[in-house]
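Visitor: Sequences and hints are given; from them, build the entire structure.
Take the UniProt record's numbering: the last position of the sequence shown gets the number 307, and nothing is skipped along the way.
The hints are simulated quantities; they were obtained by calculation from the structure and are not laboratory data. Being a predicted model, the structure only gives us computed values, none of them experimental. The beta carbon of each residue, even a glycine, is placed where N, CA and C say it ideally should be. One or more of the hints may lead you astray.
Simulated restraints on C-beta separations [unchecked claim]: (1) V50 x R126: 35 to 43 Å; (2) T257 x R39: 19 to 27 Å; (3) H45 x P269: 46 to 54 Å.
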Amino acid sequence: MKHYCATQTQALLPFPALVDMLARTVRDYAGGAIACPERTTIPTHDRGGVLMCMPTVGVDLVAAKVLTIFGANAALHLPTVQGIVTCADAHDGRFLFGLDGPTVTMRRTSAISMLAIRTFIHGHVRRVLVIGTGTQALAHVEALAALHPAIEVAIRGRTPERVARFCTQYATDRLTLRPELAEDGPFDVVITTTSSTTPVYDGPADPRRLVIGVGAYRPDMAEITPPVVRASQVYVDDPVGAPSEAGDILQAGVPWTDVRALAQALDTPPDPTRPVFFKSVGCAAWDLAACRVARDMQARVGDDAGV
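Guide: See below:
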């Protein structure tokens, strides 16, 4: 079984193909063609880290992501998150390949946001606000550059220094990347990518603006103020995992009977006169989508072209 490093994994997961495959996989998951139990998280004995396991089974492939998360690793000059996604054939169990786990997470998460933009935005996207300066902010900038070239992306962060460093480090000729300005007008899309426990976005709900919450992954976390969530049509990528993870929705007190799955919006568009809030919590089925793309790319180029 071949293992692909982070750079090779990135090359195997081009955003256009990944977004298209996610659209297919979202429908498969909603239709019951993919088995995807909730993730298992086990702390280490000293509570310094956790082991996270995310298995999923489709009709074509079997995939499992295993991650370790150790918050103190930065002081040791080691990655905070390490892991692998293993992929096997669902018909005979043959292990096919392994992908870099953090890279898969970054790309499939930002690709889900791109699928939301494609689903909920009717017309051209011209201006996007990304809140955060971490790995998911970078993943979203890369996805926007690949799928929406020539747009303007503003960055909001904890300090002006972090924002300036992010914009300088990740500048690209495919889009305009700059700090958010006080005089900025309305954005077409706002994407929050932080791990904040207090809201970082409180702009008014507006049917002309899609708000995407990515970073908050626990009930005690919330990036979007409750009034924005309550005033919006609320959609989630995974209706199974969201009730235990989507702090933005839980803290806003929105009844789960009012929350819709992204799969529904793919075939039944929401009311265009009302704002939309899309909450992404992640799901192992999206790792399976990444494995499907990697399998197809592997079959097409093999070990050529840098992969």
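Visitor: Each of the hints needs a verdict: does it hold here or not?
Guide: Hints, one by one, checked against the model:
no.: 1; hint: V50 x R126: 35 to 43 Å; verdict: 40 Å, holds
no.: 2; hint: T257 x R39: 19 to 27 Å; verdict: 25 Å, holds
no.: 3; hint: H45 x P269: 46 to 54 Å; verdict: 50 Å, holds
Of the numbered hints stated above, none is contradicted by the structure.
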